[in-house]
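As a plain string of letters, each chain reads:
2 protein chains.
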Amino acid sequence: MRLYNSNLAPNPRRVRIFLAEKGLSLPTVDVDLGRLEQKSAVFSALNPFQAVPALELDDGTIIAESIAICRYFEELHPDPPLFGVGPLERATVEMWQRRLELSLFFPVAQAFRHSHPAMKAMESPQIKEWAEANKPRALAAMARVDEALSDRPFIAGERFTVADITGLVALDFTRSARIAIPEELARLKRWREALAGRPSAKA
Amino acid sequence: MRLYNSNLAPNPRRVRIFLAEKGLSLPTVDVDLGRLEQKSAVFSALNPFQAVPALELDDGTIIAESIAICRYFEELHPDPPLFGVGPLERATVEMWQRRLELSLFFPVAQAFRHSHPAMKAMESPQIKEWAEANKPRALAAMARVDEALSDRPFIAGERFTVADITGLVALDFTRSARIAIPEELARLKRWREALAGRPSAKA
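Taken in order, these protein sequences are the chains called A and B.
For the first sequence, the numbering used here begins at 1 and goes up steadily by one.
For the second sequence, the numbering used here begins at 1 and goes up steadily by one.
Hints are not guaranteed to be accurate.
[As the list claims (entries may be wrong)] Counterexamples of contact, computed for chain A against chain B with all Cβ distances above 10 Å: (1) Lys22; (2) Ala64; (3) Ile69; (4) Arg99; (5) Glu129; (6) Ala141; (7) Leu149; (8) Arg190; (9) Arg198.
[To be verified] DMTMM-like cross-link-like pairs, simulated, lysine to aspartate or glutamate; straight-line CA separation at most 25 Å: (10) A/Lys135 / B/Glu132; (11) A/Lys128 / B/Glu132; (12) B/Lys135 / A/Glu37; (13) B/Lys135 / A/Glu123.
Simulated from the structure, these hints should not be mistaken for lab results.
Idealized CB from N, CA, C, for every residue including glycine.
So here's chain A without its partners, still in its complex pose:
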């Protein structure tokens, strides 16, 4: 089993943090995004959707998509549970994972991809107006997350989950997107610091 990885991109980091929280480690194969290796014929044969991460099982089966890879390991190694336990908690974790992904991570990524010179080849056409339109959306999501954190340590409740991973990766990615996290969001800041302080954050 091996993981197609890039240390430059935020999505593989989600999987690396998840694996570290599970106490698992995997051999990795680096995909050179700078040279658009994810669009090469060899890699496209593995993942026609041309993105990392991708997990290759011993029989050659490919599981692509960060959250699908995480769920695979959750099913194989349920402890500690990172997708919740029981119907309501599982739905709540999924809700927050998606809110953080769709309302925070994606706008941050769009702001980066449509403004950074290094993304010119990958994101064509690069649309500066779209980059700018995503910044207030990311900030609005941060304010909502800050509000939600008023009654709990982690975004989906008392327990660290995959939703927190998406949140940390999104917040760390704001630097590349040149989005400043507002200082007054004290709960967001406390949460980010707690997540960044876990050993998994270095994965």
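Using the hints provided, position chain B relative to the given structure of chain A.
This is chain B only, laid out in the frame that chain A set:
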């Protein structure tokens, strides 16, 4: 229990189809998206992320996000399984649900939201260049899905799943986005017709 719904938007349709496939029905409350009711103070108190669908449980707990709502019902009513059974199938369903959502449904939705006059108030600024940039992405995803369907009836394998629901809703939404599905994608067409012919598609 009740579902905040809109018959105009594609996301609530995903939940309605899912419930129909499970043989479940729920009282619904219509949210008037034409009047931006999802951004009203009353609705924002229920879902600060201002989107439908949202599920309200009897104790007032809210589960937002289509796929989180679907997963809640999957956990409560596992048969028929629509998220897969066992680690590999569950990961595969999640992979395809996400590929169809991120590579097909979202580009179709962006093409619609950034071009249609009815979306001017909801999508501000409306960026025509971004609408156009999404059309070739949606078409590329359709070609990949067509290819994947060469060895199986449903997108994640032998079984109908939530990934097929996302695919059908995305394909049906191409009309609003003014994206023509290429006639030569025969497997995509066969799949869409099979999905559209299920009673749940009318939900």
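Are any of the numbered hints broken by this structure? If so, which, sorted upward? 2, 3, 4, 5 and 6
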